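**Q** Residue numbers (numbering that gives the first Met the number 0), protein chains in the order written: chain A, 0 to 717; chain B, 0 to 403; chain C, 0 to 128.
Since the hints were derived computationally from the structure, they do not count as laboratory data.
Check before you lean on any hint, since a few could be wrong.
[Stated by the list, open to error] List of simulated lysine to aspartate or glutamate pairs, DMTMM-like, C-alpha gap at most 20 Å:
#1 A:K274 x B:D396
#2 A:K274 x B:E5
#3 A:K428 x A:E516
#4 A:K428 x A:D453
#5 A:K286 x B:D396
#6 A:K286 x B:E5
#7 A:K685 x B:D396
#8 A:K286 x B:E2
#9 A:K286 x B:E92
#10 A:K484 x C:D39
#11 C:K102 x A:E471
#12 A:K484 x A:E516
#13 A:K484 x C:D38
Nothing here was measured: the structure is a model prediction, and the numbers come from that model.
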Amino acid sequence: MSRVVYDGTPIEYDEGDTLAIAAVRNGQHPARGGTLCLAGDCGNCVAIVDGTPWVRTCQTPARPGSVVRRHPSGAHPSPGGPEQHTAVAVRHRRAHHVVIGNGESGAAAAAAARAQGDTVLMLDAADGNEVVGVFDGPTIIVRTPSGIDQLHAHHITLATGAAEIHPVCPGNMLAGIYTPRAAAAAQAAGVDLGRIAVVGRNLVAIHGEVGVSAIELADGTVIECDTVVADLGSAPRDLLARMAPMVPVSVVGPAAAAHALPPCPQEGVVCPCGKITVEDLDGVWSKGFNELELVKRASLTGVGTCQGGVCMPHLRAFVAERSGSEPQPFTARPAARQLTLGEAAAGYHIDTFRRTPLHAEHVALGATLDKFGGWYRPWHYGDPVAEYWAVREAVSLGDVSTLGKMIVSGPDVVEALERLYPNHVHDIKVGRARYVINLTERGHILDDGMILRDADDRFTLTFTSGGASTAEMWVRDWVETWGLKVHVLDRTVSHGAINVTGPLAGELLRRAGVADEERPKFLQHRRLAVAGVPCHVMRLSFTGEASFELHHQIDRSVELWQALMHLGQPLGVRPHGLQALFGLRCEKGHILVGQDTELDTSPRRVNMDWAVKLDKPAFIGREALVRTARLPDERRLFGFTMEGPAPLEGSVIRPVGGAADDVIGHVTSSWNSPLFGHAVLMGWQKRAPHADVVEIDGREAHVSPVPFYDPEGARARL
Amino acid sequence: MNEFVETLLDLPWQTCEPKPAYDVVIIGGGGHGLSTAYYLAARHGITNVCVLDANYIGSGNSGRNTTIIRSNYGIPESVRFYQHSLELYQGLEAETGSWIMHSTKGQIWLAHSVTAARTERTRALMNQACGAHTDYILPDEIKARCPQIDLSGGGRYPVHGASYHHEGATARHDRVVWTYAQGALRNGVHIFQHTPVIGLVKDGDRVTGVHTPNGTISAGIVLSAVGGHVSTVAGWAGVRLPIRTHALQAFVTNAYAQEFAPIVSSNDLVFYVSQTPRGQMLIGAEYDRQASYRTATSYAYLQACSAKATIMFPFLSKLRILRSWAGVCDVSTDFSPIIGHTGVDGFMLSTGWGTWGFKAIPAAGEQLAALIATGTPSPLIAPFGLDRFANELAMADPSSAGTR
Amino acid sequence: MLVSDFFDHLSGWRIIASPAALDAAPWPQGSQVVRISPDDVFLIGSEEPSVPGDPWAIVTPELGFSIATVHDLGALAEQHIEWALPTTRPSLAQGQIAGVPAKLVLLADGSTQLLVACAARHELQERLV
Ligand SMILES: Cc1cc2nc3c(=O)[nH]c(=O)nc-3n(C[C@H](O)[C@H](O)[C@H](O)COP(=O)(O)OP(=O)(O)OC[C@H]3O[C@@H](n4cnc5c(N)ncnc54)[C@H](O)[C@@H]3O)c2cc1C
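The following block holds chain A by itself, in its conformation from the complex:
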């Protein structure tokens, strides 16, 4: 004989016992009283099993050494400490026809299906397969001894049978009360139930202290006994069917049958999970909560472990008697059988964080990496100010492999791009590039990037790292909507890109084998070998300095990066992270879409009307811009400078001397400029007249024209 430890006491059990049977075999109630169904329908046998509370002991096989504790009396169990949770296996399985319930009706349904040539899979809680729910798909979620099964089925038959109705009367929470099937199961397992009294609807009270000592019948008879077997009929076990109203399932057998309601309960506990009594139901009814749902919600009946399994027939009988009409059962919701969060989480992966081809280089250089737009990116390499100066005074490398990159070609490509973008595209010459924004249909800024013309009918497009994930869909959706002939190939994860930036960037390229005359000029691009690596070299500038973005196949990224770091050593090259980059671009007044813009930022609000050509006949957002151009609009993004340390991004902007809660906007970008020795910022003024001086952080800030740095853009052309 093996043992389990039940509330601190080792008890012996027989082979094949559930924990509940083991308890009653030892003369104990598995929990603290209440009718036992031993069929998983009620919550009267729940206990803490091996540290997990709320486990139905009647559905849990006894295993040597299992530790069971009862829930504390009159209180909820503690959730327990943060133990490491053990991994749960998940299986994706497929089946043609699944029959849930291996009873008579299930067996018949299975036989009929097999006769028609179906392959049938039977699931039954008795075999350890607890069905948690039936979901769209249809997918059946099954809790099995080895983990969670996600079962994808073509056809589902529910043959879950009927649940026996529990007695509601004074004393119905004592130990020693069984349904007929539970009593039979206990006896079949060889459990001695002592003196048994079998009763039906004539039961009016059960007497006893902890366990049953006697029952009282309607005619006043009192029968002494140790066990009450209450035979009150049954109700369909149709939780799964009611739970999935849109999933095609067939319900057969007693699960589908209509059952008569029990008599209206008079006294006792109706809802054992919540210990709700008939008195409570009367209480809410008399207060005007006079229909099933209101009674349920006001008394909190039917929202415990058994999800109404026990109380529903009684509750309906109660409402039927009080209101004179029989109410429908309330909505059923997953989970039909409970599973833990650990089990539900099994096999699920929250995000996929991508790594650029230079990830290992960054790690080796001591970078602090952070997740940014779904990628791990270097935030800095230990000294963001030094990184800043490397860009401003020497040369620096930035990993911009995360940029969205796309090739488009086709007979209609110019037409498509003219309609996609608010600026002109047709006049971009081959070998030239143009900065662009893209808009939503509402005329609000969606993203920004570059258009580079590779040939008359072929272009390269770039998008921000954040916009990259939806860019291909955006282009394809529109092109297909318009019926234009354009081929689209996303290159985001296939091409790496290194930004070589700083006044010595050209010199570094020269040392990497690019002759001065080959070097593209500002807003030009060209295909060149750099340090022997074929590159698409784009001359742009986000930092404000001369910048060459080297786009290349990612198998050569590491080689290219290492060569540039090596060749650049005498020039003082060092890599820069996002922190320095965001400061550099802030000095240039370049917006970061999503940081400096809001959900509804039109070009005019960020002073970018120049990027919109309303003389074009059609582009996405044009109608909206034409309409809203006539509206007054006070919301504007401004550049500011201020003395002292840069305020935190997000600081509020107030009128000078204004009240504490008079907020006219907030700071979107803020940077202690090492070059200027004061703070440069961008932020909103959302109320006209716009002030020249505002208050931020209790200090004055002055509106300043942007770019703060090199307004003529001479350095980018160097």
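Put chains B and C with the ligand on the given structure of chain A with help from the hints.
**A** Only chains B and C with the ligand this time, still in chain A's reference frame:
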């Protein structure tokens, strides 16, 4: 009788049939319809009011939300409005004598990345300026307030910091609904359940009443407060709304001893968890991407939420999921409510409450009642009029609506 | 072991062209044609191909993928794939595997290759062990 039942106030239903005409007919007996009715009667003496609900009161989202009350929004207009609502909630038990199980818990909004930390810091700064009590706090304080957290986030989601909203609270949703219903009924408002409105009565361009299966009811003003179904009702009035309807799901575990004090949300992971007064752990996340009127729940949602919740709170992995559900939410394009006039005479709206409108029930009802009584929107709700969309004055606040 | 070690930078060509041109294209001898979509071919193990039927075809080297050999397709599917695998070979299947977008190339000889973007390879690899 248990305490929960004992403390309920009566619902003093009217005993008559609907009258042929009312000054105000409110479609929808959710929190918003009922609080508006209550404040009309209690504050403005406008008692010739009826509320019609297609089902029972509170059968919509007001009876199926995760009950978070907070004002830590990202734009001044929202912070002020929700802060007022939060304060009304704090005083609601005293005002009505009804126990709504209000409990101030504090809300921690976690950041697991530099960018999220920036958002949470921004939130704290904006809140402080506009009267909401929010601070940016560091991991040590987070751990002190919520010892169950794994600050390493399973290695993948290390906690950088959080905004901490001191006054974040919860209240029992049904009790809020009933409290307003009781108050309205006591002041003479009529509430008819199981009375769907199936059309609007129009006189030219004006809305003058509602059609129900039992007949027509005339109204000086018809207010739509129909939660999840506003596109249909507004359509009857000829009003097209910048609204899409999505299902939002949530789930609870069994009940456990009270050990989890605050409400915790996550900016990067987008989920939230709290413990109800009854001991259940209540967990939710984002609304379903696909627009829909279905209230079915999905296993993928349970999976995603469970994965997110257990990675931050390993103790949750042993807890058992009891019940999941969903409600359909009217989500506006700028994630802010739409309150007030519609441009159609006689027809007003309280909508766009999306996944965040439980916390707004007191303030929206109060301010809308004042608007109906006076004809002028107060500064608290004036920014949230429908005309803002045409006027390019959206109240865009996506990062605040995110986690309830 | 469900899959072999991954090999980065599977070398091939990406060809975007009209479906008709791709149908008719004379692919080089010995190359493996993976038809990602009607207008998209991933050509593995070949010289630069040409697509005579479409003057606008985009033909470009593709080095963005990692490849592994699937040792036990049944077990991989049971543990990590929610969707149904194709029932015929040769064929291509695309979707999430252990939460990572990936492709399965089911070859006629009964073997199966697993393709994933190099950028997400490490995530997939960690999840499959
Ligand atoms: C899962 C979930 C969690 C949420 N969590 C939170 C949270 O934590 N914090 C928060 O602030 N908000 C939360 N919300 C949002 C909040 O629940 C809602 O915004 C709010 O309840 C809306 O109230 P309402 O009165 O406008 O609508 P509802 O409560 O939905 O009421 C609308 C009523 O209108 C009735 N109706 C509809 N059509 C008709 C008709 N034609 N005729 C008559 N009657 C009709 C319905 O029967 C219903 O009773 C959550 C929502 C969900 C679904």
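**Q** Give a verdict on every hint.
**A** Evaluation of the provided hints:
no.: 1; hint: A:K274 x B:D396; in the structure: violated, 44 Å
no.: 2; hint: A:K274 x B:E5; in the structure: holds, 15 Å
no.: 3; hint: A:K428 x A:E516; in the structure: holds, 19 Å
no.: 4; hint: A:K428 x A:D453; in the structure: holds, 9 Å
no.: 5; hint: A:K286 x B:D396; in the structure: violated, 41 Å
no.: 6; hint: A:K286 x B:E5; in the structure: holds, 10 Å
no.: 7; hint: A:K685 x B:D396; in the structure: holds, 15 Å
no.: 8; hint: A:K286 x B:E2; in the structure: holds, 14 Å
no.: 9; hint: A:K286 x B:E92; in the structure: holds, 19 Å
no.: 10; hint: A:K484 x C:D39; in the structure: holds, 14 Å
no.: 11; hint: C:K102 x A:E471; in the structure: holds, 18 Å
no.: 12; hint: A:K484 x A:E516; in the structure: violated, 37 Å
no.: 13; hint: A:K484 x C:D38; in the structure: holds, 12 Å
When held up to the earlier numbered hints, the structure conflicts with 1, 5, 12 and fits the remainder.
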